[in-house]
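A.B. asks: Sequence:
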Amino acid sequence: MSDITIVVDCNDADFARDICAALQQFPDVTALLPHHQAARDAQYASCWFPDPQLLSRSPGLKLIQAASAGVDHLPPALFASEIPLCRVIDEDFRHGMFEYALWSVLWFQRHFDRALAHQRTQTWKLYPQRAAADFHIGIMGLGEIGGYVADQLARLGYRVSGWSRSEKQLAGVTCYRGAEALDSFLGSLDGLINLLPLTAQTRGILAAPLFSRLPAGAVLINCGRGEHMVNEDVLAALESGQLAGAVLDVFPQEPLPADDPLWRHPQVVITPHMASAAPAEVIARQLLENIQRQRRGLPLKNLVNKHAGY
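In this text, residue positions in the sequence shown follow our numbering: the first is 35, and each later residue adds one.
Since the hints were made in silico from the structure, they are not lab data.
We put the CB at the ideal spot given by N, CA and C, even for glycine.
It cannot be assumed that every hint is accurate.
Okay, the calculated beta carbon distance ranges per label pair [to be verified]:
#1 A292 to A270: 17 to 25 Å
#2 P162 to E125: 30 to 38 Å
#3 R247 to E125: 27 to 35 Å
#4 D46 to Q153: 31 to 39 Å
#5 P295 to D85: 32 to 40 Å
Capping the alpha-carbon separation at 27 Å, the derived lysine-lysine pairs in DSS-like fashion look like this [what the hints assert, rightly or not]:
#6 K96 to K340
#7 K202 to K340
#8 K335 to K96
Please construct the entire structure, taking both the sequences and the accompanying hints into account.
C.D. replies: See below:
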């Protein structure tokens, strides 16, 4: 590599500095923050909630990387441009998401939610245990991450179903596709895990119409995107008993406002968007690998389908 100038445009200053530091470990790479005068001449960009004016501030960009698996944090101008857009998919990231999903499933399957509630009142009470094969998990979204989570849960003996926009085939997973199959997918679930990409079609999907199609007493695990979820509908479903509980990692507004009633709901576990994250070293390595591939005329890895939005 030689003469590689990368602008790192993130709304989190610490995250941006970490990515810059990781990139600077490679020879002949200059990593700059957007306010640096030389950022105007950058050829490449790594972004997390970047300035909407990125393209005008760095007009010579040849490749843009979303510093995450999702790309919904990027401004529309990046999707409208002809500049290739890539995202970060990493084995550790996928496995981290599986670990979070497994912990969430076990939280409900093994009644840890009830045990914690009883601890607060010094109540000693046992519950019948459910085997993994008797706990039916549904995963919405069977892409790189959702498909991996579904496969890993199935390998552990869970009954797993999956739903996606396009046809999928996964060993040990009953796969459904399209709106016409949604009722069949939802109708017998004990737990629903959301790992969908955020698109115009999936925004607000975790709402009353979908919850009403679940069996009463199902649980929700949302580690997809915050804007998939309608907070008020989650609360209403919990209050009515349609949902027995929820583990929520992402929210339409982050941080979740202090006065949001989800914070105080006894059947809700809230985590601060921590289900999984790619290390800065992985972000840097994948960007530089794609820069090499682009220079050699090879297909880029983890290329975003701009029309589909992921």
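A.B. asks: If a hint holds in the structure, say so; if it doesn't, say that too.
C.D. replies: Structure-based check of all given hints:
no. : hint                     : in the structure
1   : A292 to A270: 17 to 25 Å : holds (21 Å)
2   : P162 to E125: 30 to 38 Å : holds (37 Å)
3   : R247 to E125: 27 to 35 Å : holds (34 Å)
4   : D46 to Q153: 31 to 39 Å  : holds (36 Å)
5   : P295 to D85: 32 to 40 Å  : holds (34 Å)
6   : K96 to K340              : holds (16 Å)
7   : K202 to K340             : holds (21 Å)
8   : K335 to K96              : holds (15 Å)
Every hint from the earlier list agrees with this structure, and none is contradicted.
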